[in-house]
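Trainee: If you read the sequences in order, they're chains C and S. Residue numbering for the first sequence follows our numbering, beginning at 1 and increasing consecutively. Residue numbering for the second sequence follows our numbering, beginning at 1001 and increasing consecutively.
To be clear, the hints were calculated from the coordinates, so they are not data collected in a lab. You may find that some hints are simply not true.
Unchecked claim - On the chain C side, residues computed to face chain S include the following (Cβ under 10 Å):
| hint | residue |
| --- | --- |
| 1 | GLU74 |
| 2 | MET98 |
| 3 | ARG124 |
| 4 | GLN345 |
| 5 | LEU417 |
Stated by the list, open to error - Listed next, with one range per pair, are the computed distances between beta-carbon atoms:
| hint | chain 1 | residue 1 | chain 2 | residue 2 | range |
| --- | --- | --- | --- | --- | --- |
| 6 | C | VAL420 | S | PRO1194 | 30 to 38 Å |
| 7 | C | PHE409 | S | VAL1325 | 37 to 45 Å |
| 8 | S | ALA1119 | C | GLY422 | 20 to 28 Å |
We put the CB at the ideal spot given by N, CA and C, even for glycine.
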Amino acid sequence: MEDTLFWSRLQFAFTITYHYLFPQLTMGLAWIIVYFKWRYLRTGDETFGNAARFWARIFGINFAVGVVTGIPMEFQFGTNWAGFTKFSGNLIGQTLAMEGMFAFFLESALIGAMVWGEKRLGPRNHFLTTVGVALGSWASGYFILVTNAFMQHPVGYSVAADGSLRLQSLAAYLLNPWALIMFLHNQCAAVVTGSFVVAAVGALYALRGKHPGQASLFLKTGTLVGLCACFLVATPTGDQQAKMVAKHQPVTLAAMEGRFHGGSNAELNVIGQPDEDQQRIDNPLYLPDALSILAFGHANSSVQGLDDFPKNEWPTNIELLYYAFHIMAGLGTLFILLMIIANIQRWRGRLEKSRGLLWALMLAFPFPYIATTAGWMTAELGRQPWLVFRLFRTSQGVSDVIGGGNVLFTLMGFTGLYFVLGVLYLFLIGREIAHGPQTISSTIKLEVSHD
Amino acid sequence: MIEIWYAILTFMLIMFVVLEGFDFGAGMLQYLVGKTEAERRLVIAAIGPLWTWHEVWLVGFGGTLMVSFPNVMASAFAGFYLAFFLLLWALVLRGVALEVSGQIAEPLWRTGWHVVFVAANILLAILIGTALGNIVRGVPLAANGKFALDFFTNFSPSGNVGILDWYTVSVAVFVIVIFAAHGATVLVLKTTGPVHDRSLRIASLLWKTILVLLAGITLESWHVRPELFSGMIHQPFGWLGLIAVAGGVAVIFTSLKNGRELSAVIGSGVFIAGLMTAGAAGVFPIMLHSTLAPENSLSAYQNAAAGNGLVIALVWWPLSLIFSVVYVAFIYRHYTGKVKPSEDIQTPY
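Please work from the sequences and hints to get the whole structure.
Mentor: Next up, the structure:
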């Protein structure tokens, strides 16, 4: 049982973390492509047309990997988390089914035509297709976040005679305040990923002196969108998310900050390692009173510490939670700095000449992925030891008919398969980027000569 | 209410099997109907840009099953643990092979991915066939409503059964042939030239084979699960299914002979939908039959989600279906008719 629980948690964590590397770029790029398509439709300028086609090809490859890695997620609720499915399937199934029926149906019907069907559909319908895919990908995100928000902050339910949960109010469930804030925070972070990737490709082309028109367009779009998104991730969405945690999951906030002892004038740790044995932060560097101000608005507000809660309600991995949260917040701050500098230089007309800054932009693209992953680890580790906060423990949710060895076996299968997928993805995306946004896609040219 | 949700689930599973069935079938036949690289690309183009839409019916089915019968989902998915992951991995490989084979015009790259594609499609047909066979035959449900299946035990379809036995294996073979015939029938509709002619020959041959196999499967099912047939004739949906099976067969044979390609595809879809409708009506209300003791079986009536969650879902579900039809109509009108080699085989679609 213990084995099954551990490997099932690791398998879900691994498959969802890997999966989410792809949808975040999908969601972030979607509206940037819509923007390029819209400018192309209005002006007929091929710079925008080629930019849209180039990013749509990247989007297509990214989307395919996102789809195939996404399907195992839903089914793991049944295979590995049968107890959880029994307990709350009537609620979380609603949004999982809605994601399929509203969002995936929209995306999947349009994606092929978006990537390959420009000639068949004509400019106006092809533009609409792009908008539809963007809407579908964001709707999909919303339904999944409602599901997660229910696990963080359950609302809209009642308890049936057999102890399982029943949907009481669809409106309350779908409009969970936690979901609304998490959605805005998460989507802004996805746009950060998308804009950093666009800026990085622009920086690469500028450094190599290739595709000058596209390089400028990508740098301009990437840094401008990136600046706005980086600010919005931090405030108001990140700030509100933290206040939500402070209000509804005080024990999680205490663990995120490594705050073992409660009290007023709580400090915000910038650097330092939580030490569970000694119940303190080793070699801390902190901002006095800042946590009290950020969480509750006053320097002398009291913030609870872990010792205010029974130990069996503490998050199970305090160190990892602490590091994940601080990596997310630290990277978010650095992103804002980078984007401010990039925008000042661009405004002065010097961005494309500052090689150092171009290098920084080119090498920065992996970090939003790390920040979003760390952010999700904060949310999910912070929820432990609960599957549904204060209603249902993670240990109650796992399937009890499968042995730990079976789960380790399937986890290893996923590891191998996803390794191959990752290599394939990087190869194909690298190829597209190396080829660049030209008038006719290389695939088409090559095939004509072969046939 | 419970009957409605059982019907909705059956409908979604039918949509998945009918739509993905022709993708799987056409994929399996890629090397039989396509002798040159261009012809094999034509098969991929005929599957078309909507394959992800077809696959979403499975995702929708999973979510809907969770809403309406969470206990059944919990029991069945955990019980079929390893088989489920084989299905998921095969779906991953099938999707990747379909998407990436067209990315590079290099013969080794193409051939490599086509081989993965054909193998994954065959594996998927086997797994889906086996799954359907298991639902009809039943699983070793214990009194606590749980089970864990081995891949095989003694190949006998009663008592402590495994996933594979002589009955489920024969259903798997039946389903491979049906998918192949269904896929060939769609290829007849969507292609021209040599691929069209080969597909027509394969379709005619396979549909005749299916008539023989259908008789065999009927006898086997009678032996394994006799109440399937008594259930069927007492349900109006059972009769509807049986009529659809007979009508589908008649339409397929007359249409293939007279070159009415679209009606052959419709007949093929109706035939599959009829078989599944009759089967679902026959086993109702038992969703998971126990081979150990009939009283352990999971019935729709005892395992439906209580409360008004099902009523609420009945409001949004039809709405989502209408939307979905609109999106597909928007796209599909650009993709009707035969696949044009000049336009379509350049790209994956």
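Trainee: Take the hints in turn and mark each one as holding or not.
Mentor: A quick look at each hint next to the structure:
no. : hint                             : in the structure
1   : GLU74                            : holds (5 Å)
2   : MET98                            : holds (7 Å)
3   : ARG124                           : violated (12 Å)
4   : GLN345                           : violated (36 Å)
5   : LEU417                           : holds (6 Å)
6   : C:VAL420 x S:PRO1194: 30 to 38 Å : holds (34 Å)
7   : C:PHE409 x S:VAL1325: 37 to 45 Å : holds (41 Å)
8   : S:ALA1119 x C:GLY422: 20 to 28 Å : holds (21 Å)
Checked against the numbered hints above, the structure breaks hints 3, 4 and satisfies the rest.
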